[in-house]
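K.L.:
What follows is the residue order along each chain.
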Amino acid sequence: MNIIVCVKQVPATNEVKMNKETNTIIREGIEAIINPFDTYAIEEGVRIKEKTGGKTTVLSMGIPSVADLLKETLAVGIDEAVLLSDRTFAGADSLATSYALSKGIEHIGDYDLIVCGKQAMDGDTAQVGPGLAEKLGIPHTTYVRKIEEINDKYIRCQRMTEDGYDIIEMPLPAVITVVKEINEPRLPSLKGMMRAKRAVVTVLTAKDIGADSDLCGLKGSPTQVVKTFVPVHDVQSEMIEGEPEEQAEKLAKKLLSMQFNTSDSTEVI
Amino acid sequence: MASIKIIKDKCVGCKLCVGSCPFGAIEMVDKKAVILENCTLCSICVESCKFDAIDFQKDEVSNAVDISLYKGVWIFAEQKNGEPESISYELLGVGRKLADDLKTSLFAIIIGDEIENATKKLIAYGADKVIMVEDKSLNYYNDESYTDIFVQLIKENNPEIILLGATAYGRSLAPKIASRINTGLTADCTKLEIDLEDGKLLQTRPAFGGNLMATIICPKHRPQMATVRHKVMKELEPDEKRLGEVIRPNVNIPTDLKIKVKDVVSTITESVSLTEADVIVSGGRGMGDPKNFELISELANVLGGAVGASRATVDAGWIGYSHQVGQTGQTVGPKVYFACGISGAIQHIAGMSSSDTIIAINKNPDAPIFKVATFGIVGDVLEILPLLIKEFKKA
Numbered sequence: 001m002n003i004i005v006c007v008k009q010v011p012a013t014n015e016v017k018m019n020k021e022t023n024t025i026i027r028e029g030i031e032a033i034i035n036p037f038d039t040y041a042i043e044e045g046v047r048i049k050e051k052t053g054g055k056t057t058v059l060s061m062g063i064p065s066v067a068d069l070l071k072e073t074l075a076v077g078i079d080e081a082v083l084l085s086d087r088t089f090a091g092a093d094s095l096a097t098s099y100a101l102s103k104g105i106e107h108i109g110d111y112d113l114i115v116c117g118k119q120a121m122d123g124d125t126a127q128v129g130p131g132l133a134e135k136l137g138i139p140h141t142t143y144v145r146k147i148e149e150i151n152d153k154y155i156r157c158q159r160m161t162e163d164g165y166d167i168i169e170m171p172l173p174a175v176i177t178v179v180k181e182i183n184e185p186r187l188p189s190l191k192g193m194m195r196a197k198r199a200v201v202t203v204l205t206a207k208d209i210g211a212d213s214d215l216c217g218l219k220g221s222p223t224q225v226v227k228t229f230v231p232v233h234d235v236q237s238e239m240i241e242g243e244p245e246e247q248a249e250k251l252a253k254k255l256l257s258m259q260f261n262t263s264d265s266t267e268v269i
Numbered sequence: 001m002a003s004i005k006i007i008k009d010k011c012v013g014c015k016l017c018v019g020s021c022p023f024g025a026i027e028m029v030d031k032k033a034v035i036l037e038n039c040t041l042c043s044i045c046v047e048s049c050k051f052d053a054i055d056f057q058k059d060e061v062s063n064a065v066d067i068s069l070y071k072g073v074w075i076f077a078e079q080k081n082g083e084p085e086s087i088s089y090e091l092l093g094v095g096r097k098l099a100d101d102l103k104t105s106l107f108a109i110i111i112g113d114e115i116e117n118a119t120k121k122l123i124a125y126g127a128d129k130v131i132m133v134e135d136k137s138l139n140y141y142n143d144e145s146y147t148d149i150f151v152q153l154i155k156e157n158n159p160e161i162i163l164l165g166a167t168a169y170g171r172s173l174a175p176k177i178a179s180r181i182n183t184g185l186t187a188d189c190t191k192l193e194i195d196l197e198d199g200k201l202l203q204t205r206p207a208f209g210g211n212l213m214a215t216i217i218c219p220k221h222r223p224q225m226a227t228v229r230h231k232v233m234k235e236l237e238p239d240e241k242r243l244g245e246v247i248r249p250n251v252n253i254p255t256d257l258k259i260k261v262k263d264v265v266s267t268i269t270e271s272v273s274l275t276e277a278d279v280i281v282s283g284g285r286g287m288g289d290p291k292n293f294e295l296i297s298e299l300a301n302v303l304g305g306a307v308g309a310s311r312a313t314v315d316a317g318w319i320g321y322s323h324q325v326g327q328t329g330q331t332v333g334p335k336v337y338f339a340c341g342i343s344g345a346i347q348h349i350a351g352m353s354s355s356d357t358i359i360a361i362n363k364n365p366d367a368p369i370f371k372v373a374t375f376g377i378v379g380d381v382l383e384i385l386p387l388l389i390k391e392f393k394k395a
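Chains as they are written, first to last, in this note's numbering: chain A, 1 to 269; chain B, 1 to 395.
Just so you know, these hints were derived from the structure itself, not from any lab.
One thing to keep in mind: the hints can contain errors.
Unchecked claim - Just some of the chain B residues that point at chain A, by a computed CB distance under 8 Å:
1. 316
2. 379
3. 391
Since this is a predicted model, take the numbers as computed values, not measurements.
In this text, a Cβ means the ideal position worked out from N, Cα and C, and glycines have one as well.
Chain A on its own, in the form it takes in the complex (with noise of 0.2 Å):
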């Protein structure tokens, strides 16, 4: 079975810090890093690979830099390494980026299973995978949390809703997202990193898989940010003082002031 896991750099984002002063996020030094969400994607599909052959591509667009990244996948198991990098691509939106990362596994050709991550640390849409399953004109399952059954020709997955899960089966080719609890990523072996650091990454331009610029990058993202800027968490705190006995009473006191009424409440709910 031939996997094809879509992959997206992002920021580390546990080190974004605000400049207070000039209400800018301070960047120095971030590292970039494979958006975490992705990683689950990547070990899924070499674990689906592991049990029934084929080949595991992962795929990804950005600057020329996320060529390294890609490489570190190679050390989890990941086969094959493909980049899609060209200026055309620069401010693509989701729908643009679902169309050039649809024309990239186009490209790649002959798969059975896309697998992404549930979404992007920097951005949180979750709209690329069923946006690129939409472009490629097959069926997705988002927020993938076990994959049940799989063979060549269909795969039966759980996916995660707000009170439970939801059991849908489709035909392959297909795209999942999957989300954290799907698996436990494992870390890097000593064999596969020496064949990481040896591995070439394919880069490929619009030009590279037949894209039509007018639907890459900005061009092609109906989408513009017209405005950003830092929330304020206007919260007017106030600390519970006094014994362990007198904090719990006094909060006690002031959510039940505040209407919250803890018999009302189960019946509101």
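Given the coordinates of chain A, work out where chain B should sit on it, guided by the hints.
P.N.:
Relative to chain A, chain B alone:
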């Protein structure tokens, strides 16, 4: 192709643009700004420059449509067993305001089986018209059939705005529709308003884990689509006397679907799910031991609320992933949120900061969670929780 460059003669090296760039794509070289290759052409820096030293050449977006042909505000009314989900009422609340500002009608779109009763409620909560598509086969949400039907309705009626809930289903359906009809979609909006000058929908959403808010428009394509975060928009007071029209359009109900929903399983053991709860009691590493989570459950029970957890406790295997609150877990917005022994990593705060009242209990007075807390208690959570449970049992 679009391009951006620094006009060296005008650049005074003030670094304002460096700070404005959300992608860290501008660097200072020899006291002049230089745009790096990871620039996404968002053009935010152009505004920041006081010296007009940034030249931005933008292409017209391709495949624009005649936007004057699109009218009406639509919301997707998610339902379960014929009962609208609370997100549907929230969407009607914000949709009503948008429709009024645009002097147009508010439509609710409902797809399912045995949904006649729901239409009355949607009208009471603000819909002028309800478009309902009812069929046995539409009982459960299905990406394929729901998309097919929704797209038929859009092509027939040309709405200018479509809002969906940023729920598990909404976040799957919306991008599939937007991709099929090639329009823009903004995810997880927390604020929606009409630009009264030109009637455009201004869509504001958090990015970078809530560190930054971005306002997004979709100027040349229609419909303007957005998913809306649950528990952020306010629903209207229902008015049973409101009049509205129910439309049963002629659509092809797709058969022979590729996607088959085999089962819909509910795993909620408590009375209330995390995303619907009015009260959430969450525990973090400061609980010390998985056993101590019983205190969390007990307080949640007394208050009729749900149990949440920090990422650290989920990763340590103390509690299941479905309880995780935060950027990699669920986004919640209850009336009251208790953070017990949670330090407040930015990813956690991103998932709960829209709660109405936040209570933080933590040993460390410098824990970041206190910065977003309405009420804070510095103390031992294992000592405070039993006392709190006692107080609420009394009430």
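K.L.:
Could you tell me which of the numbered hints above are not met by this structure, giving the numbers in increasing order?
P.N.:
1
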